[in-house]
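Student: Protein chains in written order, with the working numbering: chain E, 1 to 292; chain C, 1001 to 1404.
Derived by calculation from the structure, the hints in this document are not laboratory data.
It is possible that part of the hints are untrue.
Claimed, not checked - Covered by chain C, per the in silico footprint, the following chain E stretches (three or more residues, Cβ under 8 Å):
(1) 5-14
(2) 29-42
(3) 57-63
(4) 107-118
(5) 124-130
As the list claims (entries may be wrong) - Every beta carbon over 10 Å from chain C, so not counted as near; a handful from chain E, in silico:
(6) Tyr97
(7) Ile140
(8) Gly150
(9) Val158
(10) Leu159
(11) Ile163
(12) Asp178
(13) Thr180
(14) Leu195
(15) Phe257
(16) Val273
(17) Val277
Glycine included, each C-beta is placed from N, C-alpha and C at the ideal position.
Listed here are the chains, written in short residue letters.
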Amino acid sequence: MDASIIIQIALGGILLGGLYAMVAFGLSLIYGVARILNFAHGTLLAVGGVAASAIFTATAWNPLLIMALLVPVLGLFGYVFYDKLLQPLTKRSHFEYTVGSVLVTVGALLILSDVAAWIAGPAPRNIPLRFEAMEFGDVIVSTTQAWILGGIIVFTIVLHFYIKKSWFGRAMRAVTQDHTGATICGVQADRVHALTFAFGSGIVAIAAVLYTMLFPVDPYMGFSLTVKAFTIIILGGIGNLVGALIAGIFLGLAEGFTSFFWATQWAPAISIVLLLVILVIFPQGFGWRKSK
Amino acid sequence: MKYTIGLFALGTAALAATSLITPAHATVGSCTEPVTFGTTISSTGRYSTLADKWRNMTIEFAKMINENGGVNLKGCGKKLPLKIIIYDDQSVPSTAVSLFERMATVDKVDFFVGPDWSAMGFPVPPVAEKHKIPMVMANVAAPPIFKRGLKYMWGTPMPTVPNWSTRYFDMMSKQTPRPKTIYFITQDNPVTKALTGFWSKKAASLGYKVLGNELFSVELKDFTSLVLKLRIRKPDIIYISSFDSPSVPLIQQMRRLKTKAKDVHHALLSGKLHKQVGNDLEGVTGEIPWYPGVKGPYSDFTEELVKRANVDMFEYPWTMSRISAYLIMVQAVERAGTVDREKVRAALFKGTFDSPTGQIEFNENGYAHKNGAFTLQVQNGKPVIVWPPEIATGKFVYPSPSWQ
């Protein structure tokens, strides 16, 4: 087997996995802090991607500028979504809260997809930025891919330190670890929940722009991304960004190599297979899972 | 006694009320009510990229038929207006099933036209069978759908699976250097799988070496591994059997990873795909069932219809099948000469009907088994008909320079 083939598949897998991890970051934070399984999370990426593509087509703006526009918009959407639709459920019993939040987020998934398809059309779209490809022997890397890979790495590091060092990051971690204790120490837990929802949604905006630069998005593709993100946070550990990045890359590589060595049709399903296998063999998760 | 009279009065009143609220449709032998067709269109959901202009087109179709007086019923000695009831099946087969059930029981339509897509062609026809309502489906191409012994179902896919790429392979057999190897890439969908199933065997029988057959899920976005397989196997022809949207990342990544082939053939090529991938589609060949300019029965009517509905036949190549389903049902009712479902069924059985593409012939299973297509190639960003030579609008460029 030619090494260039393996390197090419690995590059594709790492890029795809890095993007999956970026989707998982927000979901992981939201679940860690607010204990909400946000089924609309992937759809938010799809809708953000469709919006990014539409803006790019209309204005030809630099994707960084589009990102700067979309982050506050999706962040605000996340805040209002939590504050108006999910926060009232916290007054209900635990069972009603759990079921209610699932219903609200699944409902949001359906409505967001249809509204986006109605406004922008259901066809896949992307940000058709084409830079020259770099060739290293038989390995071809487009400059777009290199930029996105760099962006994912930088973003993960910045996010990691932001959550470690900033007041808001510490507040999020405090609420994750002990909701009551954090409240006693002066953290407004309800506000942190809403802000975390906004923060997670803002991260999705960044992921959406990067994803749309590499792959086409359509309004109906969100749910499969959410499933992958759930797999990643189970493998990587809730609230553990480095773990999520490693798990995401692992998943991306698994998809790439499954497609090459087995059959292409099995690649999207491998995340579910891996999830089941790992849950059976390592019920406590991998070693990098963050303990309380 | 008083009770019996009361019950009788109530029953009579209920019957009268039912007759009042029943929508206008032609009852058997009626020569006063409109002839009513019922259909669903995938106006929203996954398939809506292929069909989102058909609702308006269907309304225009009925208008144009009515502008000519309507449907000619010789049993009545006059023409009756055509009415088409349209619902959005949201691209979901179970929704289509319940809507056809509704049209049979609530709207009480006379005949069914549509739906589209093989995924719906499996569950919907049993509704027609149950209510004994003749149904002419449109873009339902998978042959197994027609081998279930159903007696009220016809389908006019364009092209049909066994005729889909006939002209393409005919064209390739006349090229120099003659291509020798082929690699099939197939979307996981009933019709695209049927297409590959048939044409991979056909290609082998025509002397091609089939180097691979990859099935991919509609969810797949990263095609790196698949493209690398192409790089290793070096096929002369890459035959993509996929609807437009799922193959967008495939085409883009084939270009990004500098895939080479003598010809890349996309069996379901459309202007929608071209809009999405732009120049990446340069040189790609495909099939188109009909385009304005090809003369045949109803061709002037169809040109006017697509103009009024603002439907570009390259962007919506499956439109001809929809229009043909409507035209066939109108002709079948006219042949029967009456709004009688059994007589219309008899007219449809093994019938031959006019369409702009020529004669549409149903076999004993209700399958329009002879529908074919023309071969086109994207040249300088425009679709050019390249085969058969007698109607070609340009010359086939081979080997495709953009894939070298």
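Student: Each hint should be assessed against the structure and marked as holding or not.
Tutor: Each hint, compared with the structure:
no.	hint	in the structure
1	5-14	holds (count 6)
2	29-42	violated (count 0)
3	57-63	violated (count 0)
4	107-118	holds (count 3)
5	124-130	holds (count 4)
6	Tyr97	holds (30 Å)
7	Ile140	violated (5 Å)
8	Gly150	holds (18 Å)
9	Val158	holds (25 Å)
10	Leu159	holds (23 Å)
11	Ile163	holds (28 Å)
12	Asp178	holds (39 Å)
13	Thr180	holds (41 Å)
14	Leu195	holds (31 Å)
15	Phe257	violated (7 Å)
16	Val273	holds (13 Å)
17	Val277	holds (20 Å)
Of the numbered hints stated above, those contradicted by the structure are hints 2, 3, 7, 15, listed in ascending order.
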